[in-house]
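Going down the list, the sequences are from chains C and A. For the first sequence, full-length UniProt numbering gives the first residue as 1, with consecutive numbering after it. For the second sequence, full-length UniProt numbering gives the first residue as 1, with consecutive numbering after it.
Keep in mind that the hints were calculated from the coordinates and are not lab data. As the structure is a prediction and not an experimental result, all values here were calculated from the model. Among the hints, erroneous ones may be present.
[Said to hold, decoys possible] Where chain C lies over chain A, by a calculated footprint (3+ residues, C-beta under 8 Å): (1) 75-88; (2) 106-115.
[Said to hold, decoys possible] Take a look, some chain C residues computed to stay more than 12 Å from chain A by CB distance: (3) ILE560; (4) ARG581; (5) THR662; (6) ASP811; (7) LYS855; (8) SER889; (9) ILE890; (10) HIS891; (11) ARG900; (12) ASP1091; (13) GLU1156; (14) LEU1208; (15) HIS1216.
[Stated by the list, open to error] For the chain A half of the interface with chain C, some residues (derived, Cβ under 8 Å), not all of them: (16) ILE29; (17) GLY37; (18) ARG92.
Yeah, the Cβ is synthetic: ideal placement off N, Cα and C, and Gly gets one too.
The lines below spell out each chain.
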Amino acid sequence: MSQSSGYQYPVYAEPNNSLKNDPSPIVNGQNSASQQNGVQSPQFNLTGTPSSQSSRDPSRETSRDPSPTQYLHNQYRPQLPRPPMPPINGPPSSNALPLLSRTTQLHNPVNPYGISNQYAASAHSNVAVSTPSTAFVSQPNQEVQYRNTIPLNQMPLLAKNLSSGSAPSTFTNTTEPELAKVNQSYQWTTNPLPTNAAQGTTDISGTSSNIDKTSQVSTDQTAGVQTSFTGYKTLVQGQCDPTFPSSANVSLPPSNLRQHVNKIRHIQQDPAISNIQSPKTQNIQASQPIIGVSESLNNPQLKYSSQQNLFSPTSTPLNSSTPNLFHGSQGHNIDSRNPQNYSPQPLKPQQNLLTGYMDSTGLGNTLQGQNIHQNLPGQRRYPQQDTANTTMLPPRTTAPPLGANQLHDARPPPPGMPPLPSQQLYDTRSQHPGPMTNVPLDSLNKRYPNIYPDQLNQLNNQMGNLNVTQSSYNKLWGMEAVDLLQCRNILPPEKVEPPKIRLHQEVLDNVNCNPDIFRCTLTKVPESNSLLQKSRLPFGVLIHPFRDLNHLAVIQCNTIVRCRACRTYINPFVYFVDSRRWKCNLCFRLNELPEEFQFDPVTKSYGDPARRPEVRTGTIEFIAPSEYMVRPPQPAVYLFVMDVSRLAVESGYLQIVCNTITEELSRLPGDSRTQVGFLAVDSALHFFSMPDNVSQPHEMIMLDIDDVFLPCPENLIVNLKEREELIRDLLAQLSVKFCGTHDTNSALGAGLQAALKLLSATGGRVTVFQTCLPNLGPGALQPREDPNARANKDVPHLNPATDFYKRFALDCSGQQIAIDLFLLNSQYSDLATLSCMSKFTGGCIYHLPLFRASKLQNSETLERLFRRYLTRKIGFEAVMRLRCTRGLSIHAFHGSFFVRSTDLLCLPNINPDAGFGMQISIDENLSDVQNVCFQASLLYTSSKGERRIRVHTLCLPVVASLSDVLYSADQQCIVGLLSKMAVDRSLQSSLSDARDALINVAIDVLSAFRLSQSSGSGGLIAPGSLKLLPLYIIALLKSIAFRSGTSTRLDDRVFAMFQLKTLPLAQLIQVVFPDLYPIHALDDRNSKDIDGKVCPQPPRLHLSAEKLDSRGVFLMDAGDRIFIYIGKNINPIFCSNVLGVSAFVSIPEEMYELPELDTVESERLRNFIFSLQEEKPYYVPVQIIRDDSHFRTLFIERLIEDRFESALSYYEFLQHLKTQVKE
Amino acid sequence: MTFNLAAFSYIIALIGDAFLIFFAIFHVITFDELKTGYKNPIDQCNNLNPLVLPEYILHIVINVFFLISEQYFSLFINIPLIAYHVWRYMNRPLMTESGLYDPTSIMNAYDLSIYQREGWVKLAFYLLSFFYYLYG
C-alpha cells in the first residue's frame, strides 16, 4: 500500500497552473543558496500563492515587505509552512522514499513523474534514455526539410545538455555563466546548416549511450544523482517543447538553463513536465485523430510508430483510428523490454487524467483504448494489454469510442475482453474507502446516443481532409487549427496557460516578465501596422504591476542605471556593447555604464556587468534615492467616511466594519507616522476629534453642508500609535451611536469635500461606505434608473449624471488622495456617477448589492473583503509609466487612474488587486528590429515611507508573417483587452454597439485566419491559439456588463464594467468564464499540496448543462463567489459524508458553508475549495445550491454555453459566426 | 461710397480674425505641450476651456456682420466652420463650466491627435480667410 500512496506524491506535483499555484519547494527556503545570489527567474518570483495570503496571515505579510538595509535583499516567506516538494531528494513523507528507491532500481530516476509524463516510457532502463534522444534526432532532421530555424537552435543545445548530463556530478555543479556561455556558443555554432544539426544528432546518440551507462551505474544511488537525471530529463523536455508548442496548451513556465543546472530547480521543473503532458491529453481528446499521430512523435517511446506515420502515412490504416498505431508501437517497444519492469507501475497510471475524477473502480473497467486516447500515462499497462489486444481482439473493437471519452464516462469492457490482471490488481488497491466509489453516474452516452457516431464521422471527415504529415507538423510548430464547429471539447482540463514567449535568444526567454504581471495580446509582434490590421487582433498589454510577489529582487544603489535619452531602466534585454557601454533596447541610444555597475553584489567581484541582478530578471524593485521625491515620502493616512443614514444603520454594516477595523488596527500597513481619521455622514457631517488629553473622542456635527470647512484644524486625523485607545473607543461607539436614526438623507458630496480638506496636506486613502443615493448638498443625485427597462436592449445612464465627482476626483488626484468606495446599497445608488471618484484616483470599488448584516453570507463576505482591503499592501503617491520600443506608442489606457501625460499614469494609491490595460499602436515599421520591449515602471511610496520603483520589462519578438501573428495570439489577454475596449465603447456610444463590436471581433479574426490559410476547408477553422476566443466572447456577451434581455440592475452592470476595466486578467477571466468542476468523486490524483493540505484538482468542464448530471455534484468558481450545485439524484451517502445531512431533500435551501466532517470526502472537497480560495485575494463566499432551489438560476445563468433566456447558445453563436465569416 | 457696411464688416472681420489666429496658435501650442508631456492636462484644460466660447462667439459675430452686410460668399465660406462649432459644443463632455476639454479624456491618444489636427486646420483656415478679408 505504501507504494501506491507513494505514487501519489509524484503525481500531485502536477498543478494546474505551474506559475501561479506551484507549491514550489523554493518557497520554503530550501533553495536558499540560489535565492541569496539574487538570481531569480520570474518563475520563482511568483511561486506560491499570490496576494491572497496577506489578508490572512500577518506573519507573511510582514515578511513580504523587504527591508532596505541589505544591499540586495530577496523576499520570500520563510514561515510558509508548506512541506517541501516531496519527490526525489527531499522525501517529505516516509511513503515517498521506499517508492523512490524502488523506482530507481527498476527504471530511471525520473519515473515518479513518468507516470504522468510522456516520457514515462523513456524512463525505462537503457532503451529509455536513449530513446528521447533518438526521437529528437529524428525530429529536427525532419524539420530541417520543412523549416529551417528553430530546431537548429535547439538541437545542439540539447546535445550539450545531454552530454553534460552524462556526468551527473559536473552537471549539477555547473555554474550559471558557464552554461550561459555554452548556450551562447551553441547558438552560434548551430545557426548555420542542417549538416550541423546532424552532427548534433550524432552527438546526442553518443552521449545518450553514455547516459545509459551512468544510469545503470546509478541504480541504487543517492538522491542527488536522481535529481540530476530528473533535471536532465526536464531539459530534454524543455528543449523539445518549442517544437511542440501546441498553442496555449504547452507552455512551460519560463525555464532557464540556469535552473536546469541547479538541481533543486530540476525538481521544481518537474511539474512543468506534467503540465505539458496533461494539455496533450486534451488535445487528443479534442477528437483530432491526427493529433494522435503527432502525439506519438512527441513520445519517444512511440518512436517507431510515429516515424512510420510520418514517412509513410498512407501505409498506416488511419481510418481504423489512431489508437491502433499506438498499440502497434507499444508492442514494439515493449517487446524489447522486460515486462516485469512494469509490474509495479501499472497501478496508478491507469487512472486517467480525464476520467480521473470518476469512480476509480469504473476506470478499472475502462476500455484500454480509452486510456490511450486520454493519455499516455496508461502506457505502463500495456504489457499485459498488448497481448490481450493483439491476440484476442481485432483492433477495431479496441478502438476507443471518443464520445465516451469526452464524456468522462466509464464504459463496461467489451464482451470477450478478459479483465486484465493489472486492472484487477488496481481495483483492489486503489479503491476508495468511501462509498462514493460506487456511485455510477449514468452514462452520458446513453443520454446522448448520437454523439458517438457523430464523432466517428468527424474523425473520418478530418482524415479525409487533412494530410497527416502536414497536420502533425503544424502541430509541431504550434500551428494546428481547430474546427470549432466539430470540436466540442476545446477547453483544456486544466487552467489555460498563457502562450510562451520565444525570443531569438533562449537565455532571454527565462528572464522575461511573468505573464501574470505583464502580458501582451500578441506574443509575436507584427512588424508593421498593416500586418496588424490584417490580423484584426487588438494589440495591447495588460499589467498587474503591484501584484503581491513572494520573491522580488530589491536593489539599493547610488545610481539607478537608466538610458539618458528615454530614461528606460536597465533591463535584461539591453545590449552590452562592451563592459563600459550598453545600448538601450527602447530608443537604441548608446549609454555609459557607471563604475558601480561593474560590481557584482553576489560574488563581491568586479568585472562583468551581465551578472548584475538588474539584467537578470524582468521584474525588479529599486529603492529610490532622493531625486525621485518631490517631497518627503508621505505617511500612511487612512480616512474612513461612513454613511450613517437610516438605510445604512438598517443594513447593519457599521458594526462589521468597526469591528474589523478594531481588530486590524495593528495590521494596517504603515510605520510610526500612520494616521487615521473618521467621518460620519448623514444629512450632516459628524467629525470626530481626538485630542491628546481627553478620555473620549469629541463629536462635532456640521449642519451647514453647502460650504464645508474643518471645525478644528487638527486632531481630526490622529496618529494611530499615539491615540490608539481613543480610536478603539470611537470605533466601539460608532457602531452603536447612530442606532435608531431617522435621517434618510446622505450628504456624501459634502463629506468628500471635508475629506479632501482633511487629507490635502498629506495625501492618503479615503474609504467611503455608502448605502444610498447621495441626495443632499453638493453632488446630490437623482434616481435615474427605470426598473421596468432593465431588460431593454440599450441601457441609458451608463454615464455620470454630473461631473461633480469627476472634478472632485481630479482635485484629489492632485493632492495624492485616493477614494475607495464600498457600495452596500439596497436601492439604486447611481454607481455610474459615484464611480468617477474612484476611477480617476486609482481607487477601487466594492459592490455588495442588497447588503444585510443579518444575512450571514453577506456579513462574512464584507468582513473578509474588508479585512483583506485593510491589510493588503499599499503604495502611496504613485506614478506608473509605460515605455515601449521606438515605433510603438500607447493609444489608450484602461483601469483606474488619471492620465497625466501620454505615457504617465497618476495613481494616488496603488493596491495589489489593481490591473491596467494599454492599447498599443504601431507607428513605424519594426522590420529592422528583432524584439520590441515594454517597460512599466511604478514609482511609489511604500507604507513604510520608502520611495521605491518597481520595474517590469517584457520583451517580444517581431515577426513578418500573418500566420505567425495569429498562431501566437494570447486569447485570454485578448479577451481581457477586448472587454475593456467594449466597456469604453458602451460608455461612448451604446451597449448594443459594444456587443456588435465584440461579435465583429470574432468574425474578423476568424475571417482573417481563413484568408491566411491557403487551403480553404469547410467548417469554422480557428488557430489553436484562438480557439477559445469565440467561447470567451459569448461569455462576455452574457456577462453582467454586456448582457441584454436579462433584467440587470444598472448598478450591477456598471460595477461589472468597472471590474472589467480594473481586474487583473486571471480574475477577470474567471468572472467572465467561471470554472466548473465535478466534485462528486474527488480523489487525490493530480492533487497538489498547499500548506500541507492535499488538494485534489479535478478537470474543468465546459459550462454547459450537458456536462451536468443529476447524480453528480458540481462546483462553479465564478471569481467572486463559489457555487456548489447538487444534483437531484445525489447519493445519500455523499450527503451524509460531505454535507452532513441524511438525504437530498434535507439539504437546506440556503446553505453557505460546508460542515467540517471527519470523512475523506469532506476533507477532499474542503481542501479543493481551499485551493481555489488560496488563489483569490480574499476568501469568497461558498453557496450550496440544491437542484430544486430557487437559487438554481444563479448557477444556471452562468452556464454560458447554453441558451439562456434570449441569448444564443455557444453552438448557435458559432453558426452565426460561420455565416458571417467570409469565404 | 467707399466706406459702406460691407467694408466695415470686413474691417471687423479682419480684426476678429487676427484674434482667432491667436487663439488657434495658442491651441496648437497647448496641445503640442500636452503631447510632449510638459504640462499637466488639468492645467491645460483650465487654460483652454475659458477660451473656447469666446472663440466661437467671435467667429459667429463676424459672420453676423457678413449676413447684415449681405456678403453671402464670405458667409458661405464660414458656414461649415460654424456648423462644426455648434456640433462640437453640442457633443461636449459632461461638465459644469463652459468649455470642451475634459482632463480625464483629453490624453486619449486618438482624441489628442484629432484636437491637434483641428488646431492646425483652423489656423490655416483663419490665415487664408485673413488674407481673403484683407483683399476681398
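- Message: The hint names GLY37 (chain A) as touching chain C; please verify it with the least Cβ-Cβ distance against 8 Å.
- Response: 3 Å, holds
- 8 Å C-beta test of the region 106-115 of chain A against chain C, three or more residues: Satisfied; 5 residues make the cut.
- Would the least Cβ to Cβ distance between LEU1208 (chain C) and chain A come out above 12 Å? LEU1208 (chain C) clear of chain A: closest Cβ-Cβ about 32 Å, beyond 12 Å.
- Just double-check ASP1091 (chain C) for me: nearest Cβ-Cβ distance to chain A has to come out over 12 Å. Holds, because the least Cβ-Cβ distance between ASP1091 (chain C) and chain A comes to about 43 Å, which exceeds 12 Å.
- Message: Checking a non-interface call: every C-beta of chain A should be farther than 12 Å from the C-beta of HIS1216 (chain C). Is that right?
- Response: Non-interface label on HIS1216 (chain C) holds, nearest chain A Cβ at 30 Å vs cutoff 12 Å.
- Query: Can we confirm that no CB of chain A comes within 12 Å of the CB of ASP811 (chain C)?
  - Reply: Not fine: 9 Å to the nearest Cβ puts ASP811 (chain C) too close to chain A.
- Beyond 12 Å from chain A, beta-carbon-wise, is GLU1156 (chain C)? 49 Å, holds
- Message: Does THR662 (chain C) clear chain A by more than 12 Å, comparing its Cβ with all Cβ atoms of that chain?
- Response: It holds; THR662 (chain C) is separated from chain A by about 37 Å at its closest Cβ, greater than 12 Å.
- Should the hint that ARG92 (chain A) touches chain C count as held when the rule is a Cβ pair under 8 Å? 11 Å, violated
- Separation of LYS855 (chain C) from chain A, once the least beta-carbon distance is taken, above 12 Å: 37 Å, holds
- Message: Quick check: do three or more residues in the region 75-88 of chain A have a beta carbon closer than 8 Å to a beta carbon of chain C?
- Response: Violated, because only 0 residues of the region 75-88 of chain A bring their Cβ atoms closer than 8 Å to Cβ atoms of chain C.
- Does the claim that HIS891 (chain C) lies off the interface hold, with its Cβ farther than 12 Å from every Cβ of chain A? 5 Å, violated
The earlier numbered hints that this structure contradicts are 1, 6, 8, 9, 10, 11, 16, 18.
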